[in-house]
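The listed protein sequences derive, respectively, from chains Y and D. Numbering of the first sequence is given in my numbering, commencing with residue 70 and proceeding in unit increments. Numbering of the second sequence is given in my numbering, commencing with residue 2 and proceeding in unit increments.
Calculated directly from the structure, the hints in this document are not laboratory data. Take the hints with a grain of salt, since some may be wrong.
As the list claims (entries may be wrong) - Among the chain D residues that face chain Y by a calculated CB cut under 10 Å, a handful are:
1) Pro35
2) Asp36
3) Ile44
4) Arg49
5) Val52
6) Gly104
7) Pro106
8) Leu111
For each residue, glycine too, the CB sits at the ideal point set by N, CA and C.
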Amino acid sequence: MGSVAVLRKGDYLIASIQSDLSDTEVLALRDDLLERVGRFRTVGIVVDVAALDVIDSFVARALRSIAIAAKLRGARTVIIGIQPDVAVAMVQFRLDLDQLRTALDLDEALALLEREPERKRADGG
Amino acid sequence: MEGELRVSVRTDADLVTARAEGRALAQRLGFRPPDPTLIATAISELARNLVMHVGHGEIIMRPLIEDRRYGVLVIVRDEGQGIADVDAALRLGRGSRGGLGLGLPGARRLMDEFDVHSRPGEGTTVTMRKWRKRDDLERLREKRERRA
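Work out the full structure, taking the sequences as your base and the hints as a guide.
What follows is the structure, encoded as structure tokens:
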């Protein structure tokens, strides 16, 4: 069965998917991240999907629902690590990921979150 | 070369197995990226329809060996309520409840051949194929290996 490592880095959460996930596990990840956003006052979530061999309509919807629900909780989500083959499949499938922010890797994702925070941090006024 | 694979699909864990098997078969047949991923994604989508809308079904995968091309055949079969309007399901991605409606248009775009057989009350069978050409070099090499 698949697993996900979730790390805290400052005001951000980094969820690194370690292997192919079943639907149940994808939904559990969503609920877990949303709970942690409140607990740690997270302003940004990075989800690393490099280990996912397949992103079909269900997984795409789940990622989108993480992003939308996290936004309602005041956090911004960036998806990183979409594999080249997976990207081609998503285009041919015509999966709509317009609402998702993506970046190539963790450095770029963190830079993106720094540039465009969803809400001002407490210490920044 | 090799025989057919059957995966009985009931849970979302079976779905992970089905798409992994499909990818592995495509790779064994020499499909190059991104094709194994396209095949795995189409299988995943249809397998999910089985789990979500029908409850269970079966996926059969078979290698297709021809002189000038190799192919992967995937048959996704259920005994659900069937799809009343297959054309509409293929166009809009909406089928009747209990059918393989959702995701059909997307899956079709990932494969080379795609056929849906369905009758209300009698279940649905989706047959899909993806091919790869075998070039002259590859065929010559195999002839030489057979002689050796």
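Open item on the list: Pro35/D was flagged as interface toward chain Y. Is the shortest Cβ-Cβ separation under 10 Å?
Closed with: Pro35/D check passes; min Cβ-Cβ to chain Y is 4 Å, inside 10 Å.
Open item on the list: For the restraint on Gly104/D, tell me whether the closest CB of chain Y is nearer than 10 Å.
Closed with: It holds, given that the least Cβ distance between Gly104/D and chain Y is near 5 Å, below 10 Å.
Open item on the list: Given Arg49/D as an interface hint, is its Cβ closer than 10 Å to any Cβ of chain Y?
Closed with: 6 Å, holds
Task: Val52/D as chain Y interface residue, shortest Cβ-Cβ below 10 Å - done: 8 Å, holds
Open item on the list: Quick check on the hint: Ile44/D CB to chain Y CB, less than 10 Å?
Closed with: 9 Å, holds
Task: Interface hint status, Leu111/D versus chain Y (Cβ within 10 Å) - done: Leu111/D check passes; min Cβ-Cβ to chain Y is 5 Å, inside 10 Å.
- [ ] Have a go at the Pro106/D hint: is there a Cβ in chain Y nearer than 10 Å to its own Cβ?
- [x] Status holds, d = 8 Å.
TODO: Under 10 Å, Cβ to Cβ, is where Asp36/D needs to be relative to chain Y, so tell me if that hint holds or is violated.
DONE: The hint holds - Asp36/D has a Cβ within 10 Å of chain Y, the shortest such distance being about 8 Å.
Violated hints: none; the structure is consistent with every hint.
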